[in-house]
Amino acid sequence: MRSNHTVRIKSAGRYASGLLITKKHVTDTFVPSVASISERATFILTADHFLRSCSKVIYVRGENFTATATTSLSVFGTDLGLIKLDGKAPTMPLPLFADKPLRVGMKTTTYGFGGLPSATVAKEIRGRVISAIPHGVSRNRITRVHHGALIFNSPEKAVKGDSGGPVLVNGRVAGIQSMISDPGGFNTGVATAASLIQHMPALAQAIELLEHS
Numbered sequence: 001m002r003s004n005h006t007v008r009i010k011s012a013g014r015y016a017s018g019l020l021i022t023k024k025h026v027t028d029t030f031v032p033s034v035a036s037i038s039e040r041a042t043f044i045l046t047a048d049h050f051l052r053s054c055s056k057v058i059y060v061r062g063e064n065f066t067a068t069a070t071t072s073l074s075v076f077g078t079d080l081g082l083i084k085l086d087g088k089a090p091t092m093p094l095p096l097f098a099d100k101p102l103r104v105g106m107k108t109t110t111y112g113f114g115g116l117p118s119a120t121v122a123k124e125i126r127g128r129v130i131s132a133i134p135h136g137v138s139r140n141r142i143t144r145v146h147h148g149a150l151i152f153n154s155p156e157k158a159v160k161g162d163s164g165g166p167v168l169v170n171g172r173v174a175g176i177q178s179m180i181s182d183p184g185g186f187n188t189g190v191a192t193a194a195s196l197i198q199h200m201p202a203l204a205q206a207i208e209l210l211e212h213s
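So for the sequence shown, UniProt numbering puts the first residue at 1; every next one is plus one.
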């Protein structure tokens with residue numbers, strides 16, 4: 001699948017990555033044979049820790065469009081946040097959510113703009129889940145993940161700016177990139193992702209609230 005489902009988001013001098021989604025991502029019945037839908041996205045799923053320091057306007061840049069957003073909401077319980085676009089993205093294939101959590105041994109592809117602040121096409125980072133974790137916390141104790149996974153990425157490593165990018169398993173979105181492990185400034189290649197399936201009710205509620213905001 002092409003990476004145009006992943007966009008670069010920027011606000012207050014900082015940038016991150018995000019996944020274009022629609023309400024159908026949380027309302028439609030899971031169909032094993034269908035891994036994506038072709039729709040005009042209304043929302044962006046990203047890492048909540050990016051939203052905490054945003055200004056009023058979030059600037060969105062994709063492979064073939066630009067947009068703005070002025071409304072966002074935290075998804076209760078983990079490092080997931082939702083942004084409502086001021087309008088809609090162009091029609092494009094969007095990967096659907098996985099019906100399973102991230103598990104040990106799963107091969108992953110993370111899409112993100114880390115190290116690419118001016119790019120319009122997200123990079124692909126290959127990895128493998130090495131551990132499922134009930135909780136994860138950043139060094140400053142502010143960013144917290146509930147129901148997540150540790151992913152070892154190689155040879156490309158996740159870096160700052162990849163936060164909010166989707167983590168795909170077999171073409172479906174199983175998680176969102178949250179944190180990296182870089183003790184003393186050394187990137188170990190291990191990243192923490194927030195798993196999605198356990199937070200679907202909270203995500204559906206957030207979409208409902210944003211839809212009527």
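Because the hints were derived from the structure by calculation, they are not lab data. For every residue, glycine included, the Cβ atom is placed at its ideal position computed from N, Cα and C. Among these hints, one or two may not hold up.
[Stated by the list, open to error] Computed cross-link-like contacts, DSSO-like style, restricted to lysine-lysine with a CA-CA straight-line distance of at most 30 Å: (1) 100 / 157; (2) 84 / 56; (3) 88 / 100; (4) 56 / 100.
[Unchecked claim] Each pair of labels, with its calculated beta carbon distance range: (5) 185 / 13: 26 to 36 Å; (6) 184 / 27: 25 to 35 Å; (7) 68 / 33: 16 to 26 Å; (8) 155 / 87: 35 to 45 Å.
Violated hints - listed by number, lowest first: Hints 4, 5, 6, 7 are the ones this structure does not satisfy, whereas the remaining hints hold.
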